[in-house]
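Construct the entire structure; sequences and hints are all you get.
Number of protein chains: 2
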Amino acid sequence: MEIISLHRIKEILAKSNPETLLAAIEEGFVLYADGKVVVPPVGHLAFTDPPGDVHIKYGRIEGDEYYVIKIASGFYDNPKQGLPPGNGMMMVFSAKTGEPLAILHDEGVLTDIRTAIAGAVVAKYMAPSNVKCIGIVGTGVQARLQLAYLNSITPCREVMVWGRSLEKGEAMAADPDLSEFNISVTTDMAALAERCNLIVTTTASRKALLMAGQVRPGTHITAMGADASGKQELDPALFAKADIVVADSIDQCVDHGDIYHAVKSGELALEKILALGDVIQHAQRRRTSDAQITIADLTGVAIQDIQIAKGVYIAR
Amino acid sequence: MEIISLHRIKEILAKSNPETLLAAIEEGFVLYADGKVVVPPVGHLAFTDPPGDVHIKYGRIEGDEYYVIKIASGFYDNPKQGLPPGNGMMMVFSAKTGEPLAILHDEGVLTDIRTAIAGAVVAKYMAPSNVKCIGIVGTGVQARLQLAYLNSITPCREVMVWGRSLEKGEAMAADPDLSEFNISVTTDMAALAERCNLIVTTTASRKALLMAGQVRPGTHITAMGADASGKQELDPALFAKADIVVADSIDQCVDHGDIYHAVKSGELALEKILALGDVIQHAQRRRTSDAQITIADLTGVAIQDIQIAKGVYIAR
Numbered sequence: 020m021e022i023i024s025l026h027r028i029k030e031i032l033a034k035s036n037p038e039t040l041l042a043a044i045e046e047g048f049v050l051y052a053d054g055k056v057v058v059p060p061v062g063h064l065a066f067t068d069p070p071g072d073v074h075i076k077y078g079r080i081e082g083d084e085y086y087v088i089k090i091a092s093g094f095y096d097n098p099k100q101g102l103p104p105g106n107g108m109m110m111v112f113s114a115k116t117g118e119p120l121a122i123l124h125d126e127g128v129l130t131d132i133r134t135a136i137a138g139a140v141v142a143k144y145m146a147p148s149n150v151k152c153i154g155i156v157g158t159g160v161q162a163r164l165q166l167a168y169l170n171s172i173t174p175c176r177e178v179m180v181w182g183r184s185l186e187k188g189e190a191m192a193a194d195p196d197l198s199e200f201n202i203s204v205t206t207d208m209a210a211l212a213e214r215c216n217l218i219v220t221t222t223a224s225r226k227a228l229l230m231a232g233q234v235r236p237g238t239h240i241t242a243m244g245a246d247a248s249g250k251q252e253l254d255p256a257l258f259a260k261a262d263i264v265v266a267d268s269i270d271q272c273v274d275h276g277d278i279y280h281a282v283k284s285g286e287l288a289l290e291k292i293l294a295l296g297d298v299i300q301h302a303q304r305r306r307t308s309d310a311q312i313t314i315a316d317l318t319g320v321a322i323q324d325i326q327i328a329k330g331v332y333i334a335r
Numbered sequence: 020m021e022i023i024s025l026h027r028i029k030e031i032l033a034k035s036n037p038e039t040l041l042a043a044i045e046e047g048f049v050l051y052a053d054g055k056v057v058v059p060p061v062g063h064l065a066f067t068d069p070p071g072d073v074h075i076k077y078g079r080i081e082g083d084e085y086y087v088i089k090i091a092s093g094f095y096d097n098p099k100q101g102l103p104p105g106n107g108m109m110m111v112f113s114a115k116t117g118e119p120l121a122i123l124h125d126e127g128v129l130t131d132i133r134t135a136i137a138g139a140v141v142a143k144y145m146a147p148s149n150v151k152c153i154g155i156v157g158t159g160v161q162a163r164l165q166l167a168y169l170n171s172i173t174p175c176r177e178v179m180v181w182g183r184s185l186e187k188g189e190a191m192a193a194d195p196d197l198s199e200f201n202i203s204v205t206t207d208m209a210a211l212a213e214r215c216n217l218i219v220t221t222t223a224s225r226k227a228l229l230m231a232g233q234v235r236p237g238t239h240i241t242a243m244g245a246d247a248s249g250k251q252e253l254d255p256a257l258f259a260k261a262d263i264v265v266a267d268s269i270d271q272c273v274d275h276g277d278i279y280h281a282v283k284s285g286e287l288a289l290e291k292i293l294a295l296g297d298v299i300q301h302a303q304r305r306r307t308s309d310a311q312i313t314i315a316d317l318t319g320v321a322i323q324d325i326q327i328a329k330g331v332y333i334a335r
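Quick mapping for you: the protein sequence lines, in order, are chains A and B. To convert, note that position 241 of the first sequence is 260 in the numbering used here; the numbers rise steadily by one, no gaps. To convert, note that position 76 of the second sequence is 95 in the numbering used here; the numbers rise steadily by one, no gaps.
Don't read these hints as lab results, they were simulated from the structure. Just so you know, nobody snuck in bad clues.
The following label-pair restraints were derived from C-beta to C-beta distances:
no.: 1; chain 1: A; residue 1: A247; chain 2: B; residue 2: G232; range: 56 to 64 Å
no.: 2; chain 1: A; residue 1: H63; chain 2: B; residue 2: E84; range: 16 to 24 Å
no.: 3; chain 1: B; residue 1: A65; chain 2: A; residue 2: H63; range: 18 to 26 Å
no.: 4; chain 1: A; residue 1: R235; chain 2: B; residue 2: E84; range: 53 to 61 Å
no.: 5; chain 1: B; residue 1: P70; chain 2: A; residue 2: E30; range: 32 to 40 Å
no.: 6; chain 1: B; residue 1: S35; chain 2: A; residue 2: L25; range: 30 to 38 Å
no.: 7; chain 1: B; residue 1: H74; chain 2: A; residue 2: E38; range: 32 to 40 Å
no.: 8; chain 1: A; residue 1: E38; chain 2: B; residue 2: P69; range: 28 to 36 Å
Even glycine gets a Cβ: it sits at the ideal position worked out from N, Cα and C.
What follows is the structure, given as structure tokens:
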């Protein structure tokens, strides 16, 4: 059993081709949509003193060499002690003998990266052919990673970032990892929606931030902030305007994604929702004109964890 | 995060006082019976080619410093490749920050030991005051460990082992780890039940091995083989003869222990079943005469994993 530290994981990621991980996660979504991934219910332990949550996500692709277990924790008072709230690891086992092969002690970083890669996969298949300006809603770790992973997907280098404060937006604009992009900053969502036709929302908002009236024809929106009950980033009416609506997991998005709010309010019929894996496989289910509005709702599925853990393990 | 190998775990166990682990597991059963242990449903992944099972057991004591996750696998074709069927690890985390503290890569050994210690705890509280002869049903790893851990519980050194073949029984009798005991071997269950008043059944049997008519007054029986649906070691009629019936987990034993068969056949009323933790705490629920027949059904509960993992971590 091999232990792979966060430092070593970062080295492995730096020297590996991002296309390989993107292809692995893309393949994962296809297998998931085709019912070839076994994903049991998520395990959960809740703590109150201090407050915390632990989630155990695990699964396997039918017939694969490996299975993966992820343990992820969030202890919200950790910053008071100078510790990050999140921690975690992904574990790779042999599906032929049960032997543990590697523990990737990623401290939660691989979850951030697999989430950003899902955004890149969506943009590859759903963005309009000519991206004029990328709009990023939010200024945190995931906002930055989503933008970084769009680098290889679109030649567009014009970016507008929306933040609750200009300071946070400006801090993101100054991030050396994003130096290839020309980033402007705004606190005005209408201005972002006016200018950008590929918008990624990455906040922990609990009410709609991007309104139906703000979005112009020809825009694609990836909403990845609403990953638990109570969270919301998109105006439900936006789903009624959309030509194509895609979910990473239809069940999860209907349960607690932005799609939940749209279905509940009657703006979105269940039959309209397509699985991301189906859109990757079938070109005819994708955008047919650059005037269409499309939305992808991402809640995060264990197949992403399986694929990134295997990817890092194989590339080590 | 510290990795503790099986070799190191064995060293820690060898130098630690067995009483300390016994006391920890005893305390665990009491806390469990008192509803102070959080044990979510067991996670499970099933494999068919080759056949295998992975179980994820986890939980915590309310207010404790630690939580524990156990991953245990059984891949039944492993011996064809010269590998043991079982593998696994126990992981100790901080319940205050979520940080992983240690991975005990015990390869399943700590599960065997915590199971044997539960047998010793039961004997401490339920065996007749004068054990004339210990009867062990089965000749495998758990048969040997159950006997080894009875060493500190009773001064009795007379042992009769039942095996399907005399060869396996004789191999167990020759085990140097059991050299303190005078072990005789039989294939006749009636002979064992005639002579022994503390009987431990440890087989993977799928039908009753020990019959009601064979057991004499004053006998205590610990049945720990039936840990999954379909397994059975005791004649259901034995439960009707018993004065006291105890379960490590009432829910689990009713679901898939030997108690399941006795409840189903009408030989045992649900109200008669006591929790092991209650019997440990309340002397008045224990044997009141050396003529009584008592039974303990053990299916294995996550609190045992929690306590042994913490015990080894603290003693390291």
